[in-house]
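So the sequence shown is residues 1 to 185, counted in the numbering used here.
Everything hinted at is true.
Straight-line C-alpha distance at most 30 Å; calculated BS3-like pairs for lysine-lysine: (1) Lys86 - Lys151; (2) Lys86 - Lys126; (3) Lys84 - Lys151; (4) Lys126 - Lys84.
Between beta-carbon pairs, the in silico distance windows are: (5) Arg103 - Arg77: 17 to 23 Å; (6) Ser104 - Glu176: 38 to 44 Å; (7) Pro167 - Ala29: 27 to 33 Å; (8) Ile166 - Glu44: 30 to 36 Å; (9) Met175 - Ala29: 36 to 42 Å; (10) Ser148 - Ala31: 36 to 42 Å; (11) Glu44 - Ser104: 22 to 28 Å; (12) Glu176 - Lys86: 31 to 37 Å.
Just so you know, these hints were derived from the structure itself, not from any lab.
Here the structure is a predicted model, which means the values were calculated and not measured.
In this text, a Cβ means the ideal position worked out from N, Cα and C, and glycines have one as well.
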Amino acid sequence: MTNACEVVFSTLEGVAVVCSGEAALHCAAVAPFLSDTSYESPIEIPLTQNGDLFPEEVIRHLVAYVEHFFGPRRVERGPSMIPKPKAEPVECYLDTWEQSFLRSLLTDGDARRHERLIALLNAAEKAGVETLRDMLLAWVATQIEILSEGKGAMEAAEALRQFFGIPNEWSEEDMEHLGREMAHY
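Please model the complete structure; the sequences and the hints are all you need to start from.
If you want it as structure tokens, here you go:
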């Protein structure tokens, strides 16, 4: 199915990022706008999270993904399907383009510098791009497995909090109590 109408995503910086209508049809949150033929091209879509637009860099990655797999010049095969539950690290299921795409989301290729990837995960969720969301969630699951390997529950929880920048809201007393309870597992 093709659609000549383009979609323009607004960004936090005020930049308009253009996406083909054909690719945008694979964004569940956008597709309903494209089914209404009364719109004139282009359709502006303000994709937001907590009332804020996403940064340009994040929207450009979102558009690059949907154009690559679903746009007019798409590759012949679709996105890799990652089994649930996955038995291997996410990279084992991805083609070369997807692996490179994932690496491009990490600052300097460092998994600990994953802010762009998490922002794109949120944008993929808001836009309704399930295959992108699933790939990014599988990456997160792989990181959780790596960080948790060989650690007790408390140590693994602390490693995950540090990795994902989640503050520990428990008091020292609560942590000690929880540590005693978790010692039995």
